[in-house]
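Engineer: Sequences are here, hints too, so could you generate the full structure?
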Amino acid sequence: MFKSQAPPIFRATIDTDKCIRCKRCIQNCGWSTYSWGGDRVQIDTSKCVNCLRCYHYCPTEAIEILKEETRFKDNGYWSYNHIRNIKRQAETGGIPLTGMGCDREGTILFDHLMLDACQVTNPSIDPLREPMELKTFLGKKPSKLEFTKDKNGKRKLVTKMPPNLELAAPVIFSPMSYGSISLNAQKVLARAAKECGILMNTGEGGLHEDLKPYTSNIIVQVASGRFGVNPEYLNAGVAVEIKIGQGAKPGIGGHLPGEKIPLEVAKARMIPVGTDALSPAPQHDIYSIEDLRQLIYAIKEATNYKPVSVKIATVHNVAAIASGIVRAGADIVYLDGFRGGTGAAPGIIRDHLGIPIEHALAAVDDRLRQEGIRNEASIIAAGGIRSAADAAKAIALGADAVAIGTAALMTMGCTLCGKCYTGNCSWGITTQRPELTARLDPEVYAVRLSNLIRAWVHELMEVLGALGVNAVESLRGSRERLRGVGLDAQTLDMLGIKPAGR
Amino acid sequence: MFEIDAKDKYYRDLNEEVRAAVDSGEKDIRLKNVNGQYYLATGLRGKVNITIEGVPGNDLSAFMDGPTVNIKSNAQDNIANTMNAGKIVIHGSAGDVLGYGMRGGKMHIRGDVGYRVGIHMKGVKRQSPTIIAGGTAGDFFGEYMAGGVLILLGLDSPEESPIVGDYLGTGMHGGTIYIRGPVQQKYCGAEVGVMETDADDKKVLEKHLKEYCADLGLDLKEVMSRPFKKLIPVSSRPYGNLYAY
Ligand code: SF4
Ligand code: SF4
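Those protein sequence lines, which keep their order, are chains S and Z. Number 429 in our numbering belongs to position 429 of the first sequence; there are no gaps in the numbering. Number 128 in our numbering belongs to position 128 of the second sequence; there are no gaps in the numbering.
If you're looking for bench data, these hints aren't it; they were derived computationally from the structure. Treat the hints with care, since some could be wrong.
[Claimed, not checked] Below, simulated SDA-like cross-link-like pairs (lysine to any residue); rule was C-alpha separation at most 25 Å, straight line: (1) Z:K32 x S:G484; (2) S:K87 x Z:A244; (3) S:K306 x Z:S24; (4) S:K160 x Z:K9; (5) S:K306 x Z:E16; (6) Z:K230 x S:V273; (7) S:K73 x Z:A244; (8) S:K267 x Z:R126; (9) Z:K125 x S:E264; (10) S:K160 x Z:A20; (11) S:K194 x S:A471; (12) S:K267 x Z:V234; (13) Z:K230 x Z:E191; (14) S:K160 x Z:R19; (15) S:K267 x Z:S235; (16) S:K160 x Z:L242; (17) S:K3 x Z:L242.
[What the hints assert, rightly or not] Every beta carbon over 10 Å from chain Z, so not counted as near; a handful from chain S, in silico: (18) V158; (19) T159; (20) H208; (21) Y214; (22) P346; (23) P356; (24) E371; (25) G468; (26) G496.
All residues carry an ideal CB built from backbone N, CA and C; glycine is no exception.
Structural biologist: If you want it as structure tokens, here you go:
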């Protein structure tokens with residue numbers, strides 16, 4: 001057989017002295033790295049993707065996954081990945097696929113931003129013993145409130161309040177479809193959303209029967225493939241999202257490989273079993289802001305005016321686009337930065353298109369304020385939110401809430417191996433193979449995911465307390481509370497923040 | 001018959017009136033003097049007949065689930081967007097992107113249709129959408145088609161003259177397209193196979209066209225008198241080799 005010139009990246013090893021021949025590693029690896037050789041476990045290390053499932057489930061800690069030492073000679077210009085991709089392309093003629101978000105190093109603006117704290121001249125607040133409000137409302141806010149007085153002189157609100165979504169905390173789960181992730185993974189998200197008083201999003205793959213008990217915590221999505229969309233679906237959740245783009249793959253459509261389309265998924269999407277589910281790059285009914293408005297209002301007409309969110313990838317002209325989206329009638333603008341995760345994206349698209357969420361967020365918030373329409377829509381920031389610190393900084397830059405996908409999957413076991421597009425996820429997350437999905441117990445993992453949200457809530461409260469404010473509302477768009485470290489003048493100007501020390 | 005005069009009415013008010021009439025149990029509704037109002041019958045559910053006099057605006061019957069809509073004249077773009085069930089009969093011609101992501105129900109059009117008609121139509125065994133157009137169609141007819149049936153008749157064109165545009169069935173991976181006229185492989189997507197129709201196809205066609213002819217007052221024999229070409233996907237995974245894993 002033709003031996004690939006792209007050498008393995010990892011070396012799966014078993015200490016034969018420690019190994020008790022229980023064969024658990026063979027069962028656990030979704031990529032068939034291990035097989036039974038009669039008296040011992042055989043290893044085909046070229047298959048290992050370093051997902052660490054076997055390591056976690058080996059009862060005697062006999063397994064170690066090492067970095068393959070046999071590598072191309074180090075080269076400061078031609079990175080390992082450059083060389084490896086060329087080898088793979090020469091062998092297949094194909095586009096190298098990737099999963100999860102862009103993993104290239106490079107300036108990460110969040111890490112150059114520092115939040116403020118109170119000292120001496122203004123008191124900080126102790127969040128454990130004093131009230132602290134994280135409640136967040138997503139949707140249009142009226143530009144002014146009007147009241148009348150009744151006979152007894154009591155004031156009454158006459159302004160009609162636009163529909164808003166109420167969140168217990170400014171964090172929601174990003175859209176991940178049934179198909180790209182398993183039904184059990186979706187159930188984890190749904191349960192945790194309900195438990196934490198926040199929202200999950202169906203992504204573009206329909207709403208499975210089993211998620212119906214959670215619909216008051218669900219946003220349903222409409223994207224270019226229109227999978228699973230019918231009037232019942234549109235009305236099932238608390239809001240509808242139109243997906244124009246995704247941070248990990250701006251400008252291209254979805255492509256769920258046939259390996260991930262068994263009967264159940266095929267039924268939900270109404271396509272043949274085992275075909276590739278194609279979501280076209282554009283929505284062919286949207287070529288302009290006017291067309292977008294048409295779809296937004298078609299959905300509003302079909303749902304008796306539920307809030308509509310529009311999700312876009314952050315691209316160069318994001319501020320003008322977001323302004324158009326708000327003017328088209330969206331209640332929420334969802335900005336997905338280029339670090340955002342994906343089940344499958346061509347590497348060239350994932351790593352080289354779009355702009356970071358930090359830039360986009362600042363630009364959009366500025367633009368909407370300048371145009372006097374910031375109250376017309378809420379902003380959700382997504383695409384690389386790794387921690388409560390990132391969330392706090394995003395909110396200070398202008399976000400109403402953040403959305404997390406990758407971080408949520410990590411609570412289910414994901415180790416960011418990045419091979420979601422193969423449909424072999426050993427953790428039962430981005431796979432439809434029943435023997436793999438069965439290992440993801442929704443009840444157990446919903447507790448872990450809820451723990452994560454609870455932990456972030458506490459962290460956010462600590463930060464707000466240190467800032468001396470008692471509501472997340474007071475941090476929103478408050479860039480005065482941010483300073484930049486090691487950023488050039490232009491970047492600071494763009495972000496609308498001062499350098500540290502000033 | 002319940003009548004609503006649409007003259008000078010804003011679409012939102014008009015649609016609210018229509019929904020209120022349906023909710024109050026009206027089964028037969030006539031909209032008079034319609035002049036480009038958007039979203040008529042959008043998201044509407046249940047068994048109700050709606051007759052439209054005048055030209056309805058874009059996004060007619062989007063997400064519709066059950067009603068029958070009869071349009072006496074031409075209609076515009078984006079009709080039956082993601083429609084789930086029901087029927088639309090158009091006595092004139094209609095515009096672009098008809099039946100985008102359509103999941104069920106029928107659309108019978110007497111005249112010509114524009115670009116990207118029937119794209120991303122879906123279907124499973126029991127639920128399968130049908131679009132029949134009596135005239136000609138523009139480019140990208142049946143693009144990304146995943147299920148259902150698309151029929152194009154070219155009733156007003158001479159035999160042997162092409163009745164459909166370029167990029168026919170591009171990205172098709174399910175469903176069937178029937179064309180009553182010549183089809184050249186070079187104008188089709190790479191994943192589409194063009195073949196002759198057989199006795200089974202004839203049965204399928206007759207079933208669909210019988211109802212179509214009844215709706216539009218046409219003669220079934222006449223319609224069936226020319227040969228049809230049949231287009232189906234030849235690969236369920238046209239892009240299987242596009243990627244390096
Ligand atoms: S792919 Fe995962 S489970 Fe399989 S050998 Fe490698 S680390 Fe272990
Ligand atoms: S979801 Fe699974 S396949 Fe994807 S990165 Fe995480 S562990 Fe790997």
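Engineer: Taking each numbered hint in turn, which are not upheld by the structure, reported in ascending numerical order?
Structural biologist: Per hint list: 1, 16, 22 violated.
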